[in-house]
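Starting from the known structure of chain A, fit chain B onto it as the hints suggest.
Each chain, written out:
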Amino acid sequence: MSKLFFVGITDTIDKSKFNLLQNLVSNEKQEKIKRFRFDIDKKLSLYSELLIRIIVCRNTDIKNQDIVFEKTYYGKPMLRNLSEFHFNISHTRNAIAVAISDYPIGVDIESIKNAEMDIVERFFNIDEFSYITENTSDQDKRFYEIWTKKEAYIKYIGKGLSMSLNSFSSLDHKIPSYFYNINGAEYVISVCNGTQKSELIELSELDIEEMSMPLLV
Amino acid sequence: MKEQLLRQIESVVKDKNITIESEILGILDSVTFIKIIVEIEKTYGIEFDDDKLLLSEFPSIGSLINYVVSKIELLNA
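Protein chains in written order, with this note's numbering: chain A, 1 to 217; chain B, 218 to 294.
This is chain A alone, in the form it adopts within the complex (with noise of 0.2 Å):
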């Protein structure tokens, strides 16, 4: 089972609407989301963990108040006493990419712009980089789809601080990525578990704020 989540988010806050599903969240969480200074930030932020509880509570017996987040040694996010649920966050200006399954599991997300050709030359491979400059005509899409290859994987492999991007080719392994447009920008998301194709399931920003309601009481 892999399943993967993809939320588009607006730049506006409802405050009420925002401090009351705040009250999900740790206060630890609270404080962090306090310190950004961006509404969408913060939003980011809030929506993709709330995301994460509602599939636990939807598919556990684990009640919202009981969800502990960790973090593993080498920094990459679990939860506490469900250590078989295996989950990844990611999130760009206005999305959110949630991926689950029942093993390790890394996702990235970014917005389509301009590729960077001097972070290809410095960081990515030979393949790579052939593979962004055989085409010019899809340049930007194919870097972001390498990038965010790259950038899955080593959340797959969860060891952060040991894993640079210069020290693989995302082209090796088998990384699926998937493009979406959502409120006219287009988006990459690659998900990376081993072997499996992720399950995609399109949720919006009110969906999540619905979904959330029945935990709160």
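To be clear, the hints were calculated from the coordinates, so they are not data collected in a lab.
None of these values were measured; they are calculated from a predicted model.
Fair warning: there could be bad hints in the mix.
Claimed, not checked - Incomplete in silico selection of chain A near chain B, CB under 10 Å:
id : residue
1  : R37
2  : G75
3  : H91
4  : I119
What the hints assert, rightly or not - Dumping the calculated BS3-like pairs for lysine-lysine here, alpha-carbon to alpha-carbon at most 25 Å:
id : chain 1 : residue 1 : chain 2 : residue 2
5  : A       : K29       : A       : K17
6  : B       : K269      : A       : K159
7  : A       : K76       : B       : K252
8  : B       : K252      : A       : K141
9  : B       : K231      : A       : K32
10 : A       : K113      : B       : K233
11 : A       : K141      : B       : K231
Every residue, glycine too, gets a C-beta built ideally from N, C-alpha and C.
Same frame as chain A, now just chain B:
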């Protein structure tokens, strides 16, 4: 030098409100962070250590700048 680095970071991020105290989280996404590294490396002829290529290594803009300054000093020592 610190001031110059700050200006350089501002120009990549396209945000004029960045200070030494700014938290990296919430200002930079991972691509922008790596873009800054590539620019700084080119300007100063230094190379970031592999274990410093992660956003989480630098809690603030100041800590990133301090790391770069220490790398440059090492180069000139």
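Hints versus structure:
1. R37: Holds: closest Cβ of chain B sits about 6 Å from R37(A), inside 10 Å.
2. G75: At about 6 Å, which falls below the 10 Å cut-off, the nearest Cβ of chain B leaves the hint on G75(A) intact, so it holds.
3. H91: 9 Å, holds
4. I119: 5 Å, holds
5. K29(A) - K17(A): It holds: about 17 Å lies between the C-alpha atoms, which stays within 25 Å.
6. K269(B) - K159(A): 14 Å, holds
7. K76(A) - K252(B): 24 Å, holds
8. K252(B) - K141(A): 17 Å, holds
9. K231(B) - K32(A): Distance ~24 Å between K231(B) and K32(A) Cα, so the pair holds.
10. K113(A) - K233(B): 21 Å, holds
11. K141(A) - K231(B): Status holds; Cα separation ~22 Å.
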